[in-house]
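Novice: Sequence:
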Amino acid sequence: MRIIRDFKIPNFKFNKIEMNDIPNVEDVKVDYTRVKEAEEKKNKKHQPYPATEYKTVKEIFIHSMQNYADETLVLQKPNHKEPYKEITYKKFGEDVVALGSKLIKMLPKNARVVVVSETTYDWYVSYMTMLCGAGILVPVDKELPENELENVINRSKATAVIYSAKKKDAIKKIENLIPTVKYFIEMDSDDHIVDKHMGFNYLINEGKEIIENGDNSYMDIEIDPEEFKMLIFTSGTTSKSKGVMICNRNLAANVNAVSAFVNLYPSDRLFSVLPLHHTYESTIGFLLPFACGCSVAICEGLRYIVPNLQESKPTALLAVPLLIESLYKKINETIHKSKKDGIVNSMIHVTNLLKNVNIDIKRKVFKEILDNLGGNLRIIVSAAAPIDAKVAKWVEDIGIKFLQGYGLTETAPIAALTPEYEASRYASTGIAVKDTDIKLRNVNDAGEGEILIKGPTVMLGYYEDEEATAEVMEDGYFCSGDIGKIDSDGYIYITGRSKNVIVTQNGKNIYPEEIELMLGEIPEISECMVYGKKESETDVHDKELIITAKIIPNYQKIEELYGKNLSDDEIYKIIWNKVKENNKKLTSYKAVRKIEIKKDEFEKTTTMKIKRFAEINKDNAKK
Numbered sequence: 366m367r368i369i370r371d372f373k374i375p376n377f378k379f380n381k382i383e384m385n386d387i388p389n390v391e392d393v394k395v396d397y398t399r400v401k402e403a404e405e406k407k408n409k410k411h412q413p414y415p416a417t418e419y420k421t422v423k424e425i426f427i428h429s430m431q432n433y434a435d436e437t438l439v440l441q442k443p444n445h446k447e448p449y450k451e452i453t454y455k456k457f458g459e460d461v462v463a464l465g466s467k468l469i470k471m472l473p474k475n476a477r478v479v480v481v482s483e484t485t486y487d488w489y490v491s492y493m494t495m496l497c498g499a500g501i502l503v504p505v506d507k508e509l510p511e512n513e514l515e516n517v518i519n520r521s522k523a524t525a526v527i528y529s530a531k532k533k534d535a536i537k538k539i540e541n542l543i544p545t546v547k548y549f550i551e552m553d554s555d556d557h558i559v560d561k562h563m564g565f566n567y568l569i570n571e572g573k574e575i576i577e578n579g580d581n582s583y584m585d586i587e588i589d590p591e592e593f594k595m596l597i598f599t600s601g602t603t604s605k606s607k608g609v610m611i612c613n614r615n616l617a618a619n620v621n622a623v624s625a626f627v628n629l630y631p632s633d634r635l636f637s638v639l640p641l642h643h644t645y646e647s648t649i650g651f652l653l654p655f656a657c658g659c660s661v662a663i664c665e666g667l668r669y670i671v672p673n674l675q676e677s678k679p680t681a682l683l684a685v686p687l688l689i690e691s692l693y694k695k696i697n698e699t700i701h702k703s704k705k706d707g708i709v710n711s712m713i714h715v716t717n718l719l720k721n722v723n724i725d726i727k728r729k730v731f732k733e734i735l736d737n738l739g740g741n742l743r744i745i746v747s748a749a750a751p752i753d754a755k756v757a758k759w760v761e762d763i764g765i766k767f768l769q770g771y772g773l774t775e776t777a778p779i780a781a782l783t784p785e786y787e788a789s790r791y792a793s794t795g796i797a798v799k800d801t802d803i804k805l806r807n808v809n810d811a812g813e814g815e816i817l818i819k820g821p822t823v824m825l826g827y828y829e830d831e832e833a834t835a836e837v838m839e840d841g842y843f844c845s846g847d848i849g850k851i852d853s854d855g856y857i858y859i860t861g862r863s864k865n866v867i868v869t870q871n872g873k874n875i876y877p878e879e880i881e882l883m884l885g886e887i888p889e890i891s892e893c894m895v896y897g898k899k900e901s902e903t904d905v906h907d908k909e910l911i912i913t914a915k916i917i918p919n920y921q922k923i924e925e926l927y928g929k930n931l932s933d934d935e936i937y938k939i940i941w942n943k944v945k946e947n948n949k950k951l952t953s954y955k956a957v958r959k960i961e962i963k964k965d966e967f968e969k970t971t972t973m974k975i976k977r978f979a980e981i982n983k984d985n986a987k988k
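Under our numbering, read the sequence shown as residues 366 to 988, first letter to last.
Watch out, some of these pointers could steer you wrong.
As a list, the in silico DMTMM-like pairs of lysine to aspartate or glutamate whose alpha-carbon atoms are at most 25 Å apart [claimed, not checked]:
1. 864 with 879
2. 378 with 665
3. 943 with 886
4. 729 with 676
5. 695 with 968
6. 695 with 925
7. 455 with 665
8. 573 with 591
9. 522 with 534
Derived by calculation from the structure, the hints in this document are not laboratory data. As the structure is a computational prediction, the values presented were derived from the model and not from experiment.
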């Protein structure tokens, strides 16, 4: 469903790397008691952190209001030129209760309320207000074209739409096509009610009057943990989008589960860069830090990631592989331009050796690099797709703990995660979180099978689609469609997507993600998509699928390495030679036999995954 059209990671600019102030390693004294401690630590089986035991989002809300009222919750920039404005838990709580008190007077019980907006403070208020009892939240992608926005609103039978000023024109165009909507509420607006239209702040002020008159009915609402409270439409990467029904139990269980694997403190600050309509960002990027008393700094947009990081100085970042890999490439280009490759690589080697004996000076040694990312980052969490293990290891090499998560919208979202207290396994997506059971079915000779998930985070089902729900549920397990392995320690390794699998003539299964990760390591390649393409569309006897790679070249790198003004044929040959070299690392039947140079951007989902079938359908439409 969600498509980022013409999406492109901006050209991040980092400060020059000097590496002049690194500590003198020769002066580091090795305390051999610490060596012994390090050995004991390696051999010790670590226990999860004490987990929270919330049953509903409302319990989380009440707890944080009681314990963190005076702390900063949200940092938001009024505009690019002004500094971040800090908003406290107290103000947030007052706004939530006020908005909820007004909405329950306006809306029928369990009314669906669509929220369509970029990430803003008002989005967070809307989110919490609905989940604490005002109705059923329907978070919608702000990038949807008008026809798809109309479709989602109508499918959800929404009674109200809360939208940002940037979406005002789009809402006006479809207003007469969404008959169930009785109220249109504009964020950051003081407008009084005019026909069906009203301002967000106006409703909050009205709600405050209700509370002042002694009406506490909103906070008196009791929340059933199993009650349907959020409707999320999937991205539809492989098929028509489905409506995922989420309850309070799903969200609270996610907070409980992740809190056992990651230690967040009130002093921590998360950096919000992913869209809030996606459950990964709203649950783990907001609800979890909210439960821990942390603050959240809102990124202004992709082009402002670096200056926003440097200004807000977060300690934690939730991201997707494409973003992390882009930061990795740009930082290393900066190091290369500064001619510091040798010293950086040497210091990575030295500091890794020291860390093995319980001496960690990484953050001192790589301070300049870390300062480019704000200086305080201690945790990066990646999810939504597999990441190059080399990139994950490099993140930890410079002193930032790297955690890999796995889950789906249907698991609200986290089902597995790397524990912060365990040594990283860079190719793994972690182990099953608290109270969650993960197993494989239809396991092949290589130990790969479809991943099945059971636990309190699994959805209620698909909205108005019992047949689709039945298709993905088996004895209480959700059948993910993802292919993976599980090692003897319970660590999960994603190897592919069952719907993406390429089946050769001789019955071999090829998962394109494996090949894509390898091609992604080639500097001359910016992005790629691997799929099976018929060699002939006319000969019915010729059914062989050719392993084909659609490739967007890294023109900047090619120009740097091979010179300017290269023809399309010359660029093709450069890429093809690199692909052939890569083929030597693959089993023969997995080798890429054809490449196609793509000059425009891939269509992508919310989490920046390529819309495979959209790309394939484009090809089919050209025939």
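Novice: Hint by hint, which ones does this structure get wrong, listed from lowest number up?
Specialist: Violated hint: only 8; rest satisfied.
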